[in-house]
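S.K.: Sequence:
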Amino acid sequence: MGYRSLRECVADLQRTRQLVRIDAEVDPHLEAAEIQRRVYQAQGPAILYARVKGCRFPMVSNLFGTLERTRFLFRDSLDAVRHLVELKIDPAAFWKNPWRYRDVPRTLWHLRPKFVSSGPALDQRLAIRDLPRQVSWPDDGGAFITLPQVYTEDADRPGWQHSNLGMYRVQISGNQYDERRLGLHYQIHRGIGVHHAAALRRGMPLRVSIWIGGPPALTLSAVMPLPEGMPELTFAGALGGRRVRLIEAARGLAVALNGKLLIHADADFCITGTVDPELQLPEGPFGDHLGYYSLRHPFPVLNVDSVTCRKDAIWPFTVVGRPPQEDTSFGKIIHELTGPIIPTVVHGIHAVHAVDAAGVHPLLLAIGSERYVPYQPRRRPQELLTSANALFGQGQLSLAKYLLIVAREDNPDLDIHDIPAFFRHLLERIDPRFDVHFQTSTTIDTLDYSGSGLNAGSKVVLAAVGPALRRLPAELPGGLRLPDGFRDPRVCLPGVLAAAAPTFVNEPDIEVERAAATFCAAYRPDDPIHAFPLIVLVDDSDFTARSLNNFLWATFTRSNPAADLHGLGAFTRQKHWGCTGSLVIDARRKPHHAPPLVEDPEVSNRVDALAARSGPLHGII
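According to our numbering, the stretch in the sequence shown is residues 1 to 621, in order.
Bear in mind the hints are in silico, worked out from the structure with no lab data behind them. Hints may be right or wrong, so weigh each one.
What the hints assert, rightly or not - Listed next, the in silico SDA-like pairs over lysine to any residue satisfying Cα-Cα at most 20 Å (straight line): (1) Lys53 / Asp608; (2) Lys311 / Pro58; (3) Lys53 / Ile22; (4) Lys53 / Arg606; (5) Lys53 / Ala24; (6) Lys590 / Arg514; (7) Lys96 / Val85; (8) Lys332 / Phe72; (9) Lys575 / Val436; (10) Lys88 / Val345; (11) Lys311 / Asp130; (12) Lys332 / Asn549; (13) Lys590 / Asp539; (14) Lys590 / Ile621; (15) Lys332 / Leu226; (16) Lys332 / Gln43; (17) Lys311 / Ala50; (18) Lys53 / Leu126; (19) Lys53 / Asp27.
Construct the complete structure from the given sequences, taking the supplied hints into account.
M.R.: Structure representation (structure tokens):
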């Protein structure tokens, strides 16, 4: 059976030597976050911070720090969840092998929440000032809750059956936030946004219940990309191996609220309140998972009604930043569980991979089919483009900025998680005259500042089908030259060249166009540089080419397709853009981009001391 509480989970990890307790006092302001980042990079254990400076509650991090530990947390239920997914794909499979699915009836029972009159989450009353003030990066705008489970219901269809449980960061100090109001940040295309819109349309406040801690199944369920209308509470019951216990309209907590208020009975902490229908306040900055700060913008305000906790409460937290970080494990386990269902949602799609090293949403790889004209030699993508448009209409996949898609028929053994092999396959086949398709002036990830404004940018599909058109160089060819001002060519991957480009001085819009135009105009059709179908203009080509992760991060988080994708021999015909030579991505940092995340040197020195021979983290980081 799954864990009944976070403390039970922590005790189990400690018993199996997958958690280390630190008894030295740790500051939640930057120090705990740097410890977490270093422990994660070392693929170390979960960490229990027994003494937290300025707070009476212990904290825990890195619970999901490795895929192996994440699987361990749900070892009793993963097979049952996989069996449910299998039956979702093929219900007839049950009758072919009933014994394999003998755990399904019990799992189905766990899908429905259990309503109780009370629970540990209501043991004690407290105030926002009593919570840990955990700050992750030096320029963060204040303290944030980084592992919240934010529960809302649809005003049009109230009740848990149409609820949403999402992980949306919550600012609890800084800016204009205080004991009675918090900052509630959520990205576009999230379930809470649909609920917020419904509440505003009906002229009623959006009621919110924020849960922190509790069984780890709730935390993972809050980040699951489930279809709209499918409640995460059901998935949490299946994954946790027990029904989620909810308290309905607890005494004293539903003051001035219409309808029912639901609280997770086994949470460690619970904050309840309503979203102010008229007020928005600046939220942020916050060091985010693309590796940059998300900046200060107006976001909804939560008016706090109550804060409660259990007697033995533990405060869980995570740290995001340039990937990979702890949330990478979320993505991996989610793919394991839901990857097989993708072909049933978008017919013709066999696999998708949101690339973590590129910040997830900036780069999506896909393998599809090209079956529209089987009697003709395939030369241009057709069904692949239909499938690409379908992917852009699927939940969080709609936030993809670069979508690279190829046909399975051309290489049935291609592994979508082998990124160098995928790039090689696409770049050998892509015809940039026909295979580049833009969506301009559209929405992109809220956290992506490469576009023209908040939530505003563009998308592009690069599709490739058919036999290889070229051989990709893995080394610099003889006679390669760069225009004046460009330097240090480096090969990132076969067929991918990085070149250092001039940095910005002024007039950024003009300089973006000028640099790309200068580079693209410098080459004749027979120039050796055409051997590279993809060229990336960067600030530091040595850094970009040093590792695959550097190439992915620098290229796809620092470019907006409509503004930054150019080509040698570019043309526009019947409003279709193409080029006769290499594709060129301007991936330099631009003045409107958000700043990257950098640690505080003094904090780094303190953590170094904890890792010294006599320190509690010696041998761990």
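S.K.: Checked against the structure, which of the hints given earlier come out wrong?
M.R.: The structure breaks only hint 14.
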